[in-house]
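*Asks:* Residue strings, one per chain:
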Amino acid sequence: MKKLSAIALLLALALASAGAWATQDSDTPDAKAALPVGAAAPDFTLPDADGRAHSLASLKGKSGTLILFIATECPYSNAYNARMQKLADDYRERGVNVVGINSNSNESAAEVKQHAADKGLTFTILKDPGNQIADRYDAQVTPEAYLLDSSGKLVYHGRIDNSRTGYLITSTELRDAIEATLAGKPVEKAGAKAFGCSIKRA
Amino acid sequence: MTGGLLKAAALCAALACAAGLTSACGGQVAAPKQGAAKPAAKPQGAAKPEGGGVKSAAPKVTEIKEVDLKTLLGAGSVRERPLLVNFWATWCAPCREEFPDLVEIRGQYGEDRLDFVLVSLDEPSDIGKAVPEFLAEARAASFPSYLLNADDSDAAINLVDPSWSGELPATFLYDRSGALVFKHKGRVKPAELRDALDAALE
Numbered sequence: 003m004k005k006l007s008a009i010a011l012l013l014a015l016a017l018a019s020a021g022a023w024a025t026q027d028s029d030t031p032d033a034k035a036a037l038p039v040g041a042a043a044p045d046f047t048l049p050d051a052d053g054r055a056h057s058l059a060s061l062k063g064k065s066g067t068l069i070l071f072i073a074t075e076c077p078y079s080n081a082y083n084a085r086m087q088k089l090a091d092d093y094r095e096r097g098v099n100v101v102g103i104n105s106n107s108n109e110s111a112a113e114v115k116q117h118a119a120d121k122g123l124t125f126t127i128l129k130d131p132g133n134q135i136a137d138r139y140d141a142q143v144t145p146e147a148y149l150l151d152s153s154g155k156l157v158y159h160g161r162i163d164n165s166r167t168g169y170l171i172t173s174t175e176l177r178d179a180i181e182a183t184l185a186g187k188p189v190e191k192a193g194a195k196a197f198g199c200s201i202k203r204a
Numbered sequence: 047m048t049g050g051l052l053k054a055a056a057l058c059a060a061l062a063c064a065a066g067l068t069s070a071c072g073g074q075v076a077a078p079k080q081g082a083a084k085p086a087a088k089p090q091g092a093a094k095p096e097g098g099g100v101k102s103a104a105p106k107v108t109e110i111k112e113v114d115l116k117t118l119l120g121a122g123s124v125r126e127r128p129l130l131v132n133f134w135a136t137w138c139a140p141c142r143e144e145f146p147d148l149v150e151i152r153g154q155y156g157e158d159r160l161d162f163v164l165v166s167l168d169e170p171s172d173i174g175k176a177v178p179e180f181l182a183e184a185r186a187a188s189f190p191s192y193l194l195n196a197d198d199s200d201a202a203i204n205l206v207d208p209s210w211s212g213e214l215p216a217t218f219l220y221d222r223s224g225a226l227v228f229k230h231k232g233r234v235k236p237a238e239l240r241d242a243l244d245a246a247l248e
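Chains as they are written, first to last, in my numbering: chain A, 3 to 204; chain B, 47 to 248.
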């Protein structure tokens, strides 16, 4: 009798977790689910555009790491190319390393390489085959930023600033978060969203 | 020659639709909270055909702010018809690609059964040219169309759906009770959307 109820419980649990997975597999996972601010960012290993594998651990900056989900064809992401490169340039010497990830299934490694060359992006850009890391981080949009502190904890998630065109920048949440992290202070605004292109999942 | 005739026919249909919606909207004002949806009344009023619709009137796109968007979405109040809202931009390739599906679905369900509105996230400077030109080309001139010039994209996205990251396109369906009953981020899957519409119309 006890055995039977234990089996039933196991079955129920299995069904429940299957249900949960089914939800995560859909096109529209809930943003709350995957990686909340304050959580340790999971490590990963992905190839760059030349096929060389890099782990997140190997790309970590001494004082922090900025992960940017980007695209080659998205005009919204492209509007931020110069600003993303400037972040990489501004904070390299202060110990924050910038890592780009391209998770779009319709943009090849060769295109990522050509795009970086054309746009003058010198930070490491990784290709995320099968968008596994986008799924793990619940990245949905390009550009989408994840700032990790020196311990690898997520301290900011969201937009770079409030103005796609760059003409009317009135809030620079990402830069503010980097500065706070470098100063050893808590990040005041740990997230802000912007419209952008959807990541094309496989 | 045939193309021109076809175009003219489509335009006439579009204008007739716009006129039909105006009167439908007039009826709606009677409902207390629906009357608050002021922005909805603007474009159709302006799109009223004059002189039998011989001249091609450019689709009217109304600029709105967060507060107007909130009114437009109905804030959970009872509505006469389900409301389908598509967020898009001319710079977004999958948004452009899904327009034939959107136009077809609107034609199938009809304006007497479904309120279907478009919200563009283009730059406010595109309201006079790029947006209406695309709408005309996509045969979507008769949709009530808005351009959201948000003061804060973060607030705008969260007021639609806190689990939305802001990726485009994104489509939301509200039933007659004003409840959000279906959402899809990325290019719509017509069969899935029809199922949701059928359920909302039951």
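Please note that a few of the clues may not be correct.
Restricting the straight-line Cα-Cα distance to at most 20 Å, the calculated cross-link-like pairs of lysine to aspartate or glutamate (DMTMM-like) are [said to hold, decoys possible]:
(1) Lys111/B to Glu75/A
(2) Lys202/A to Asp197/B
(3) Lys191/A to Asp172/B
(4) Lys111/B to Asp244/B
(5) Lys229/B to Glu75/A
(6) Lys202/A to Glu238/B
(7) Lys229/B to Asp137/A
(8) Lys202/A to Glu75/A
(9) Lys191/A to Glu143/B
(10) Lys191/A to Asp200/B
(11) Lys202/A to Asp147/B
Don't read these hints as lab results, they were simulated from the structure.
*Asks:* It remains to establish, for every hint, whether it holds in the given structure.
*Replies:* To see whether the hints hold, each was checked on the structure:
Between Lys111/B and Glu75/A, the direct Cα distance comes to roughly 28 Å. Violation of the 20 Å bound is thereby established for this hinted pair. For the hint linking Lys202/A to Asp197/B, the alpha-carbon distance of about 28 Å lies beyond 20 Å, and the restraint is violated. For the suggested pair Lys191/A and Asp172/B, the alpha carbons sit about 31 Å apart, so the restraint of at most 20 Å is broken. For the given pair, Lys111/B sits about 31 Å from Asp244/B by alpha-carbon distance, which is inconsistent with the 20 Å threshold.
With a C-alpha separation of about 25 Å, the suggested pair Lys229/B and Glu75/A falls outside the 20 Å cut-off, and the hint is violated. A distance of roughly 19 Å separates the Cα atoms of Lys202/A and Glu238/B; the hinted pair therefore holds under the 20 Å criterion. Distance restraint check for Lys229/B and Asp137/A: the Cα-Cα separation of roughly 19 Å lies within the 20 Å cut-off, and the hinted pair is therefore satisfied. In summary, the hint linking Lys202/A to Glu75/A is supported, as the alpha carbons are separated by about 11 Å, within the 20 Å threshold.
Restraint check for Lys191/A and Glu143/B: the C-alpha separation of about 36 Å exceeds 20 Å, so the hint is violated. For the hint pairing Lys191/A with Asp200/B, the CA-to-CA distance comes to about 12 Å; that is within 20 Å, so the pair holds. Of the pairs offered as hints, the one joining Lys202/A and Asp147/B holds, with about 19 Å between alpha carbons and a cut-off of 20 Å not exceeded.
This entry does not satisfy hints 1, 2, 3, 4, 5, 9, going by the numbered hints stated previously.
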